[in-house]
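Chains as they are written, first to last, in this note's numbering: chain F, 2 to 242; chain P, 15 to 293.
Worth flagging that the hints you see were computed from the coordinates, not collected in a lab. Treat the hints with care, as some may be off.
Facing chain P, according to a computed beta carbon distance under 10 Å, are these residues of chain F, among others [said to hold, decoys possible]: (1) 42; (2) 45; (3) 48; (4) 50; (5) 66; (6) 138.
Which chain P residues stay away from chain F? Per the calculated CB distances, all over 12 Å, these [to be verified]: (7) 109; (8) 118; (9) 147; (10) 168.
Where chain P lies over chain F, by a calculated footprint (3+ residues, C-beta under 8 Å) [unchecked claim]: (11) 129 to 137; (12) 197 to 208.
All C-beta atoms, glycine included, are put in the ideal place defined by N, C-alpha and C.
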Amino acid sequence: MEFFLNRFPLYLDGALITLLMTVLGSAVAFVLAMVIGILGTLRNPVARAVATVYTEAFRGVAALILLFWFAYAVPQITPYQLSPMFAGVLALGLNVGAYGAEVVRAAINAVPRAQTEATIALNMSWARRMWLVVLPQAWAQMLPTFGNLIIELMKASAIVSLIGVADLTQVAEEQRSSSGETVLAFGSALVMYFVIAQVLIFGMRLLERRANRRLGRAPAGGGLLDLLRPPTPGTKVGAAK
Amino acid sequence: MQQSESTHSTETAGVQSAQEAPGGEIIRFDKVVKRYGSNVVLNELDFSVAPGERVTLIGPSGSGKTTILRLLMTLEDIDGGVIWVNGEPLSHMRRGDKLVKANEAHLRSVRKNIGMVFQQFNLFPNMSVRKNITEGPVHSLGVSKDEANQRAEELLDLVGLNEKIDAHPTQLSGGQQQRVAIARALAMRPQILLLDEVTSALDPELVAGVLDVLRNIAQTTDITMLCVTHEMSFARDVSHRVLMFDAGQVAEEGPPEQIFGDPQEERTKSFLKAVLEHG
Ligand SMILES: Nc1ncnc2c1ncn2[C@@H]1O[C@H](COP(=O)(O)OP(=O)(O)O)[C@@H](O)[C@H]1O
Ligand SMILES: [Mg+2]
């Protein structure tokens, strides 16, 4: 305990870097997932080909190799030297975005065709249909998986310690080598990672709950403490019965 | 418009038609073909509807009634022939003196005349009743929010649900949801309203409320209506003409008194008998 308390400011700095990587990486992943996911639902064969190539390419590549590519290979073949953090955000975002795109595509396709038909009967443009009806309904379906992906991204962000970013893992490694207290050094990091994960999970459940409310599917009970428990599987997204 | 042909009386056995069918043509199916794979649902179907006319489509399940409405709402692609609305091709557009398949821009310009109410209501679960009714006018017609809201309130009055304007669709009964769906369709001020078995998903005690709303609309507006229904007394009350479909063809047509009172075709007789027996 004393070990941890003494070094808490150091670990906190590391945790904030990890959180920053997670937030920025998730932002990149989210934008990519939305754009590529929507492209994947279009009839246009070019749009679909772009979506397929992206998802297959970046799901199949280890995030670590992507990271090394951006950090070490890109400066050799282009005049650009990416900062380690930027390289990390790109590698994590591109990798997780590929999984996210599949989630978005599946969630959009799961919105009942009848909902789209109702928007056509109201003569809405494609953009209005997506924005007003399809995406808000697909959103509730995306969120649980997005929650998992964000946790995955947060954990995977430890790889940036390998290119010299002072994240939580890097701090733990430094403290281990300077103090020789392997168990305590990594134990402290373990606790911090756990806390970050809980914060992220809590935030995602809040979003999920709000999304379900909007669809008129508010769960019974519903104190804030409920959010700490795993949610019961929601009713299917769909047309009003 | 309603009275334009009132001098032309129907020749049915002594019974006065509820309303006289107005003249002209607002919808015309011209040799329309629709297939699903090798299943030819509509085979060179011809029929037309006059402005303000209310037509009921009856016929056995699978005879193509829903397909006809879906083609009109541009929810299905056409495989042959042309559908005309207001003298403009619906499924196609003019290019020079030829007709080519309609693109999205053309579809959006012709669709604005047509509204549809679905069997399963298809209200948007992510919006309040108010938004369900106002989003179409605001985003498709460019009506101001205030105007759309005011119209939504009027329409909810019409369907007897003004106290539900801020409710969520999931808080409503099926009959109430369907009445909201009717209000939503009317908010677009369509010339043509398509109604596909709008009461068949409802519990029996909720049917009458929805039918009353539609009767009221039939009496107070001159909207052209195409209505698929098994509610024969409703069809008799509101429609100028009944089309009996079988296997994608018009087997028999006439004013409701004739089709329900004195059907000529064997297929019509056996269909009506089956409907009556099942209640
Ligand atoms: N999406 C579809 N895919 C394949 N076949 C369909 C589809 N929709 C309708 N059909 C077929 O078309 C025929 C007519 O259907 P429909 O127009 O729904 O009839 P009705 O409304 O008169 O019961 C039926 O044989 C039905 O099986
Ligand atoms: Mg049908």
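- prompt: Taking each numbered hint in turn, which are not upheld by the structure, reported in ascending numerical order?
  reply: 1, 2, 3, 4, 5, 8, 9, 12
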